[in-house]
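**Q** Please construct the entire structure, taking both the sequences and the accompanying hints into account.
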Amino acid sequence: MQFSIAISGFVALYIYMLAAFAGWVIVGHVPAILHTPLMSGSNFVHGIVVVGGIFALLNASTVREQAIGFLAILLGAGNVSGGFAVTDRMLAMFQPSQPKPVHASNEASQSGKA
Amino acid sequence: MMSDLFKILPEAVIGAVDLIATFLFMYGLKRMSSPVTAPSGIKVAGVGMAVAILASFLYAFDIGATAKPFLLLNLGLAVLAIAIGGGLAWWAGRTVAMTAMPQMVAIYNGLGGGAAAAIAAFELFGDKADGVTQLVFSLLGALIGAVSFSGSVIAWAKLDEVLKKPLRFPGQQIFNGLVAIATLAVGGYIVAVSRGTITSPVAMPVLIYIFFGATLLFGILMTLPIGGADMPVVISIYNALTGLAVSLDGFVLENPALMIAGMVVGAAGTLLTLLMAKAMNRSVSNILFSNFGTVVEQKQGAIKGSLKPVEASDAGIFMRYASSLIVVPGYGLAAAQAQGKLYEFVKLLQAAGVSVKFAIHPVAGRMPGQMDVLLAEAGVPYDMIFQLEDINDDFANTDVALVIGANDVVNPAARTEKTSPIYGMPILNADKAKKVYVIKRGQGKGYAGIVNALFYGDNCNMVYGDAAAVLTKMIEAVRALGTKAAA
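So the protein sequences, as listed, match chains A and B. For what it's worth, the working numbering labels the leading residue of the first sequence as 2, then goes sequentially. For what it's worth, the working numbering labels the leading residue of the second sequence as 4, then goes sequentially.
These are calculated hints, taken from the structure and not from any lab test. Note that the structure is a prediction, hence the values are computed from the model and not measured. Some hints could be false.
Pulled a few chain B residues facing chain A out of the computed Cβ check, cut under 8 Å [to be verified]:
(1) Lys-33
(2) Ile-45
(3) Ile-56
(4) Gly-67
(5) Leu-91
(6) Trp-93
(7) Ala-95
(8) Ala-100
(9) Met-104
(10) Ala-119
(11) Ala-195
(12) Gly-199
(13) Leu-274
(14) Gln-373
(15) Glu-479
If you want the footprint, here are the derived chain B segments under chain A, 3+ residues with CB under 8 Å [said to hold, decoys possible]:
(16) 73-80
(17) 209-216
(18) 254-261
A short list of chain B residues far from chain A (calculated; beta carbon distances all over 10 Å) [claimed, not checked]:
(19) Val-139
(20) Ala-160
(21) Phe-172
(22) Leu-227
(23) Arg-285
(24) Ala-379
(25) Glu-380
(26) Thr-419
Positions of the beta carbon are idealized from the N, C-alpha and C atoms, including for glycine.
**A** Structural data, given as structure tokens:
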């Protein structure tokens with residue numbers, strides 16, 4: 002069985018096209034009230050770059066490569082945890098007025114799970 | 004057989020986990036598209052990130068022979084880097100004031116761009132690119148990531164007011180253009196040298212250092228002349244660019260999770276940038292390449308009327324006896340940290356039977372939606388908050404419009420003055436309300452540097468002072484009324 006991923010030429014372009022379309026559609030439906038949290042949230046998502054940094058550092062065999070890998074993870078991890086912290090803080094503040102009792106208990110159980 | 008298993012199994016786990024993570028990113032972003040589901044959206048994306056990072060340590064099972072002796076050391080360094088970088092950013096993100104959010108987003112975005120550039124550097128220095136396509140993608144990833152990094156740092160410095168003034172000099176655009184061309188030329192040279200078409204007198208690592216130096220310089224030069232008011236659009240552009248850089252790195256590393264997550268952000272950020280530029284009635288290239296703010300010393304149509312200052316307490320009492328009020332907040336509210344005071348005042352008015360709404364201009368503040376976030380922080384329910392197109396017709400039937408620290412977004416010149424730099428920008432029709440109060444620090448102009456005819460209107464009174472101080476006086480005045488009535 003083959004699990005390694007090989008992406009060449011056109012496959013990459015198909016992936017890029019579909020992903021770009023998905024991103025465009027997702028944001029197209031976001032109300033202006035959520036623009037800042039969304040910018041911050043998408044900023045968090047590109048923190049996935051830290052995974053590339055981990056790959057690089059684990060494959061490093063010279064001091065320069067180790068330094069670059071270390072830097073990549075340091076910056077990427079900052080992107081991830083900072084992006085999550087500020088986005089979560091912003092979004093936690095969005096509360097509807099006069100929550101109906103049923104609604105309120107629903108939300109409470111949801112936040113309990115989270 | 005056993006060794007095969009140790010190679011195949013981690014690969015399968017990483018592939019499966021990354022697939023799940025990619026799904027969770029998209030699903031999380033989708034949930035962020037509604038205020039009701041948004042708070043859980045970031046948590047969904049967060050779970051995806053956590054599992055993807057944990058799974059990436061399985062790369063340790065399949066590394067090159069030259070890196071094997073360093074595996075333990077490298078694993079330790081990786082954990083250390085995550086602890087330091089993640090810990091510092093977490094602490095900063097949790098403790099910073101809500102008003103500083105725009106610059107925090109800028110700096111975290113810059114970190115991501117820097118990481119993307121560093122990964123590209125790893126590929127370039129190690130000569131790991133497999134064919135010319137991967138090499139070009141590495142160089143582009145390095146270029147875009149590094150520009151996003153240094154540009155975001157400048158954007159942060161401007162928003163945090165470390166850098167106070169846009170830096171402009173004659174021939175700046177030509178100079179920046181030359182730096183851009185030089186950067187691309189070095190990149191092209193690197194491709195040619197590594198393909199063996201040219202033999203370079205300079206060693207390859209030196210060329211790569213020059214390339215990074217030029218890209219970082221370009222990011223700085225490109226951002227320096229842009230004024231503070233345009234920073235939201237600039238941050239949005241850099242957000243999209245970092246996404247793109249991550250996505251290019253993903254191709255080189257053959258990692259579809261990076262490719263997809265990066266490209267989704269790239270596309271989303273691009274659309275967001277266009278929406279913001281549209282709201283300001285300017286093109287993106289106009290924001291990036293024109294020196295907005297320096298050229299606005301121009302003639303304006305004569306403005307009739309005068310500025311009529313009133314006491315905060317008088318204004319507060321007037322609003323207490325109005326039947327409807329629309330609040331228009333702007334950056335001044337954020338600067339004075341007065342969002343809590345504002346909602347306190349609004350609650351007093353609501354208790355007195357005044358119907359209150361908030362009207363948000365798409366580019367109020369220094370980031371789209373910044374006002375929404377600030378009001379949300381103060382506890383204002385989001386169904387009291389209305390966007391421009393939903394509320395603009397209501398001003399004409401409203402007793403009082405209360406403008407707090409906003410200026411250009413309520414300037415009627417945008418409707419009438421063809422020569423005005425903001426002509427054509429949709430504005431909030433605060434001037435159509437029966438009565439307008441404007442809370443403002445002084446008589447200064449807005450970011451666009453133009454006089455606001457609204458302030459001179461017959462129906463308008465100015466309340467000068469820091470927004471927090473003024474609101475405190477208004478609250479006291481209205482409270483005093485209440486106790487008198489009770490007594």
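**Q** Against each hint, give a clear statement of whether it holds in the structure.
**A** Structure-based check of each hint:
no., hint, verdict
1, Lys-33, "6 Å, holds"
2, Ile-45, "5 Å, holds"
3, Ile-56, "6 Å, holds"
4, Gly-67, "6 Å, holds"
5, Leu-91, "7 Å, holds"
6, Trp-93, "4 Å, holds"
7, Ala-95, "6 Å, holds"
8, Ala-100, "11 Å, violated"
9, Met-104, "6 Å, holds"
10, Ala-119, "5 Å, holds"
11, Ala-195, "22 Å, violated"
12, Gly-199, "22 Å, violated"
13, Leu-274, "5 Å, holds"
14, Gln-373, "5 Å, holds"
15, Glu-479, "26 Å, violated"
16, 73-80, "holds (count 6)"
17, 209-216, "violated (count 0)"
18, 254-261, "holds (count 7)"
19, Val-139, "12 Å, holds"
20, Ala-160, "17 Å, holds"
21, Phe-172, "31 Å, holds"
22, Leu-227, "22 Å, holds"
23, Arg-285, "17 Å, holds"
24, Ala-379, "4 Å, violated"
25, Glu-380, "5 Å, violated"
26, Thr-419, "25 Å, holds"
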